[in-house]
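Undergrad: If you want the building blocks of each chain, they are given just below.
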Amino acid sequence: KNQVEQSPQSLIILEGKNCTLQCNYTVSPFSNLRWYKQDTGRGPVSLTIMTFSENTKSNGRYTATLDADTKQSSLHITASQLSDSASYICVVSDRGSTLGRLYFGRGTQLTVWP
Amino acid sequence: EPEVTQTPSHQVTQMGQEVILRCVPISNHLYFYWYRQILGQKVEFLVSFYNNEISEKSEIFDDQFSVERPDGSNFTLKIRSTKLEDSAMYFCASSERKNSYNEQFFGPGTRLTVL
Chain A
143 KNQVEQSPQS LIILEGKNCT LQCNYTVSPF SNLRWYKQDT GRGPVSLTIM
193 TFSENTKSNG RYTATLDADT KQSSLHITAS QLSDSASYIC VVSDRGSTLG
243 RLYFGRGTQL TVWP
Chain B
74 EPEVTQTPSH QVTQMGQEVI LRCVPISNHL YFYWYRQILG QKVEFLVSFY
124 NNEISEKSEI FDDQFSVERP DGSNFTLKIR STKLEDSAMY FCASSERKNS
174 YNEQFFGPGT RLTVL
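Residue numbers (the numbering used here), protein chains in the order written: chain A, 143 to 256; chain B, 74 to 188.
Looking at chain A on its own, in the form it has when it is part of the complex (with noise of 0.2 Å):
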């Protein structure tokens, strides 16, 4: 069963500090990945994707990496600032549907405190 998780499931940092956020997945076969920043009530807002050939791929201070041999990726975020607060997701493709279906993850709430 094509499936998403990520951890933790929530994080408090202090403005300025780094973290990490982790996801795993069992789609296949792959197609990409990619990290969403989800505000309240808003559309999710692609921050990067990558290929199976990328193992890592930067936004500012987003940088994401990927292994497609152990199925994992990560998101750290550096220097964080009060506006990271969000949800972070990490959504994975498959080729195995015309158009690449996306399947998401739960997220990681980010509450990024002064």
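The set of hints was computed from the structure by calculation and includes no laboratory data.
Where hints are given, some of them may not hold.
Distance condition first, Cα-Cα at most 27 Å in a straight line; then the derived DSS-like pairs of lysine-lysine [as the list claims (entries may be wrong)]:
1) B:K156 x B:K115
2) A:K143 x A:K179
3) B:K115 x A:K213
4) B:K151 x A:K213
5) B:K130 x A:K179
6) A:K179 x A:K199
7) A:K179 x B:K115
8) B:K115 x A:K199
9) B:K130 x A:K143
10) B:K156 x A:K213
11) A:K213 x A:K143
DEER-style ranges, computed between Cβ atoms [to be verified]:
12) B:P75 x A:D181: 18 to 24 Å
13) A:P256 x B:G89: 44 to 50 Å
14) A:S149 x B:D136: 35 to 41 Å
15) B:E141 x A:S200: 36 to 42 Å
Yeah, the Cβ is synthetic: ideal placement off N, Cα and C, and Gly gets one too.
Given the structure of chain A, go ahead and fit chain B onto it with the hints provided.
TA: Structure of chain B alone, referenced to chain A:
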């Protein structure tokens, strides 16, 4: 920057009523999607749409649901007879073309409340 828009932002309806959720995808995009997110749960795929027909649908997308692209800009999701469990946030997304990334851009969502 172009974005996906959705209306209404919040829809309240009585159980058994029909609702239509509307989306305007990004103008040059060819692939369209609907997702839903029940409060506190993960986002779930409902349906994908390309070339005026459904490309794929999930087990959630039963006969009560339908999608349509009535003109060149709108993409709609219709729920024929709403149930309490249809209460959720519904997100529309669109993508430009199918490639290894097929990045999907999400709208802000419509919160559907069924009473």
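Undergrad: None of the hints should be skipped; say for each whether it holds.
TA: Here is what the structure says about each hint:
| no. | hint | result |
| --- | --- | --- |
| 1 | B:K156 x B:K115 | 19 Å, holds |
| 2 | A:K143 x A:K179 | 25 Å, holds |
| 3 | B:K115 x A:K213 | 20 Å, holds |
| 4 | B:K151 x A:K213 | 37 Å, violated |
| 5 | B:K130 x A:K179 | 25 Å, holds |
| 6 | A:K179 x A:K199 | 15 Å, holds |
| 7 | A:K179 x B:K115 | 13 Å, holds |
| 8 | B:K115 x A:K199 | 24 Å, holds |
| 9 | B:K130 x A:K143 | 17 Å, holds |
| 10 | B:K156 x A:K213 | 37 Å, violated |
| 11 | A:K213 x A:K143 | 14 Å, holds |
| 12 | B:P75 x A:D181: 18 to 24 Å | 19 Å, holds |
| 13 | A:P256 x B:G89: 44 to 50 Å | 48 Å, holds |
| 14 | A:S149 x B:D136: 35 to 41 Å | 37 Å, holds |
| 15 | B:E141 x A:S200: 36 to 42 Å | 40 Å, holds |
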